[in-house]
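Visitor: Those sequence lines, one after another, are chains A and B.
Residues in the first sequence are numbered from 60 upward in steps of one, following this note's numbering.
Residues in the second sequence are numbered from 452 upward in steps of one, following this note's numbering.
In case anyone wonders, no lab produced these hints; they're calculated from the structure.
Quick reminder that beta carbons are idealized off the backbone N, C-alpha and C, glycines included.
Among the hints, a few may not be true.
[Said to hold, decoys possible] Derived SDA-like pairs (lysine to any residue); straight-line CA-CA distance at most 25 Å:
#1 B/K818 - A/L190
#2 B/K786 - B/S799
#3 B/K818 - A/A183
[Unchecked claim] Chain A stretches covered by chain B per the calculated footprint, using a threshold of three residues with CB under 8 Å from any CB of chain B:
#4 62-73
#5 185-197
#6 275-282
#7 324-335
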Amino acid sequence: MEAFLSSLVSVAFHGLAYGMILYAISVGLSVTMGLMGFVNLAHGVFAMAGGYLMITLMLAFGLPWLPALLASCLIVAVFSMLLEKALYSRLYAAGELEQVLFTIGLIFIAVAVARLAYGPNPLAAPLPSYLKGQLSLGGRSFPAYRVAVIATSALLIATLWIGLERTRWGAMVRAAVDNRAMAQSVGIDTARLFTLTFALGSGLAALGGALGADLMAMTPTYPFEQLVYFLIVVAIGGLGSLRGPFVGALLIGIGDTACKYWVPELGAFFVYVATIALLLWKPAGLFGRHV
Amino acid sequence: MRMLKRLAVLAALALISAGAAAQTVKIGLINTYSGPMASNGDQIQKAVDLYMKLNESRLPNGVKIEIIKRDDTGINPETAKRLAQELIVREKVNLITGVVWTPNAAAIAPLTKEAKVPFIIMNAGTAMLTTLSPYIARTSFTLWQSSYPMGEWAAKKFKTAYIAVADYGPGHDAQEAFTKSFKAGGGTIVGSVRMPPPTSDFAPYLQRVKDAKPDALFVFVPAGKSATALMKGFGDLGLGQAGIKLIGPGDITTDEELPNMGDVPVGVVTMFHYSAAGERPANKTFVAEYKKTYGDKAWPNFISVGAWDAMAAIYDVVIAQKGKLDPDKTMALLKGWKNPNSPRGPISIDPATRDIVQNEYVREVRKVGDHLANVELETIKSVKDPWKEINDKK
Numbered sequence: 060m061e062a063f064l065s066s067l068v069s070v071a072f073h074g075l076a077y078g079m080i081l082y083a084i085s086v087g088l089s090v091t092m093g094l095m096g097f098v099n100l101a102h103g104v105f106a107m108a109g110g111y112l113m114i115t116l117m118l119a120f121g122l123p124w125l126p127a128l129l130a131s132c133l134i135v136a137v138f139s140m141l142l143e144k145a146l147y148s149r150l151y152a153a154g155e156l157e158q159v160l161f162t163i164g165l166i167f168i169a170v171a172v173a174r175l176a177y178g179p180n181p182l183a184a185p186l187p188s189y190l191k192g193q194l195s196l197g198g199r200s201f202p203a204y205r206v207a208v209i210a211t212s213a214l215l216i217a218t219l220w221i222g223l224e225r226t227r228w229g230a231m232v233r234a235a236v237d238n239r240a241m242a243q244s245v246g247i248d249t250a251r252l253f254t255l256t257f258a259l260g261s262g263l264a265a266l267g268g269a270l271g272a273d274l275m276a277m278t279p280t281y282p283f284e285q286l287v288y289f290l291i292v293v294a295i296g297g298l299g300s301l302r303g304p305f306v307g308a309l310l311i312g313i314g315d316t317a318c319k320y321w322v323p324e325l326g327a328f329f330v331y332v333a334t335i336a337l338l339l340w341k342p343a344g345l346f347g348r349h350v
Numbered sequence: 452m453r454m455l456k457r458l459a460v461l462a463a464l465a466l467i468s469a470g471a472a473a474q475t476v477k478i479g480l481i482n483t484y485s486g487p488m489a490s491n492g493d494q495i496q497k498a499v500d501l502y503m504k505l506n507e508s509r510l511p512n513g514v515k516i517e518i519i520k521r522d523d524t525g526i527n528p529e530t531a532k533r534l535a536q537e538l539i540v541r542e543k544v545n546l547i548t549g550v551v552w553t554p555n556a557a558a559i560a561p562l563t564k565e566a567k568v569p570f571i572i573m574n575a576g577t578a579m580l581t582t583l584s585p586y587i588a589r590t591s592f593t594l595w596q597s598s599y600p601m602g603e604w605a606a607k608k609f610k611t612a613y614i615a616v617a618d619y620g621p622g623h624d625a626q627e628a629f630t631k632s633f634k635a636g637g638g639t640i641v642g643s644v645r646m647p648p649p650t651s652d653f654a655p656y657l658q659r660v661k662d663a664k665p666d667a668l669f670v671f672v673p674a675g676k677s678a679t680a681l682m683k684g685f686g687d688l689g690l691g692q693a694g695i696k697l698i699g700p701g702d703i704t705t706d707e708e709l710p711n712m713g714d715v716p717v718g719v720v721t722m723f724h725y726s727a728a729g730e731r732p733a734n735k736t737f738v739a740e741y742k743k744t745y746g747d748k749a750w751p752n753f754i755s756v757g758a759w760d761a762m763a764a765i766y767d768v769v770i771a772q773k774g775k776l777d778p779d780k781t782m783a784l785l786k787g788w789k790n791p792n793s794p795r796g797p798i799s800i801d802p803a804t805r806d807i808v809q810n811e812y813v814r815e816v817r818k819v820g821d822h823l824a825n826v827e828l829e830t831i832k833s834v835k836d837p838w839k840e841i842n843d844k845k
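Whenever a hint applies, use it, and build me the whole structure from the sequences.
Guide: Encoded structure:
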């Protein structure tokens, strides 16, 4: 019994760490899809940019871990704002096919650039010594880095939720998601709102990518390899919601870890089977509204 | 005008005879140059380039070796097969070599049999590969060669072991070989897991191992970045502090990745045929030449040596046939080919199986000066592939 409880703790812990990272990256995708109705398949590019940027800032400029993490997140957010203004905003009115083709093209460009700049091999983030090794909590030891991942993500999620539930800007975003035409007609500048939300989503993705570089290794093909997981999280959770992807990410994170732990033979299939089952049951996702 | 015509004819004749004198041997090199596993391909390419640079003078006058490179991008059997087909049909190569991955080698094998093109495997280490075509010879290793004696050795030191292997041919071989000899020696396997390659996060699997509390953890994952990720997980989760000893074939502590692994691998014991820290004079020269060409931070590893010795074998058969390669003659020369002075010690190709015969070394990772090294402790001489010995395969 004790062994079983201890394995439950193991699974919950590792699953939480993985789920939190997935959420940080995917929440931006959910919001941009729900808010702007834009299918941004290139979302993973921002996560990859965040990861590579953090590694570069640490190795080439000698920045410590935390400043490098925050700086990479900010830089990607600003860069994505430019990208939104220059490219994305032109395609809001376009059909889904155009949007998909455009964003897939963007992934190809990003993959090629990353390969040119960083080579084909996976890069590991150099961690500070206080994040290596273990932390003792309640008679058990946990890897310090994953504890930090969970803590940072929890902080981030709390900030995000309070921001969207309690601030004026949050109310504007929610209004625009609910009914864009009405929001516009009461005088909300939706174009500016879109740009800011897009930047926020991309910045979060960058943060998630950089924070998770240890769990999901940085390789040039990252945006392709991880895309399916981001999409699954959003599909399970439902578009345009904050809680949905959170539940979805935790479900995938913990389920995937549990499978790898107890039934590794099924590890590779679990995510897909769970997704199919869930979507058959609730086609709009757990928290999505029926279209 | 007539004079000019005559000159032209003479010039043409001269050209033709020059062409006949120059004998170019075309070698198709199928290797992994891109994708997440490209570091292994890089080791092969560097060894091939180095060998050719240092041994140019060995070739007879007028004989040239031309390497035609193709990128299989990783574990990708369909691509590898297509590339081999193209090399045989369009480029008309005399010989195919390279190939890091077992599934790729297995896909190429039937073509070499059909087209009678000798195929020298530089790396892929699943035991059964050489049985797939009479035109295959291997200069690398088999997983059985290291994992079987590893099990014998481990059974004397540990009571229980957990096995974690990558879920593809070599992983299955490593698991089977270790299980067989460890059990025969009186050890108990308390659990085993097959992990899909490439895995970048080993935490869930390793957590399971930690909770199972075995004396030793036997691991095979593809050499290179996977091994480094594994070592990182092993350290992060504190398996070493929990009293679990990490053992395995040398793929998990390859020489070129040791500098990226921190201090975690210190004390890890592996069984393998090559360590860059080997004390043999031939190895010292090899490492020195390697560093002279690729910089002081570069380390050759077992893949480099597999490629290096494949090139030595290729040069020997080319020289013996003066550049005119006949497939059956080439295979006859390869059977029983010997190199007493390989960087890894004396090696030969077993005439019966066309597979490599070599020494295996028990090594421990230790700090030597300012870096980590696989220090060789014991030698097991002239090991043939145990899988073929036990199952009587050829």
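Visitor: All hints, please: hold or fail.
Guide: Taking the hints in turn, this is what the structure says about them:
1. B/K818 - A/L190: Given pair B/K818, A/L190 holds - Cα atoms ~24 Å apart, limit 25 Å.
2. B/K786 - B/S799: Judged against 25 Å, a Cα distance of about 9 Å means the pair holds.
3. B/K818 - A/A183: With Cα atoms ~23 Å apart, B/K818 and A/A183 stay inside 25 Å; holds.
4. 62-73: Held - the segment 62-73 of chain A has 6 residues with a Cβ nearer than 8 Å to chain B, which meets the minimum of three.
5. 185-197: holds (count 3)
6. 275-282: holds (count 4)
7. 324-335: Answer holds; 3 residues pass the 8 Å Cβ test.
Violated hints: none; the structure is consistent with every hint.
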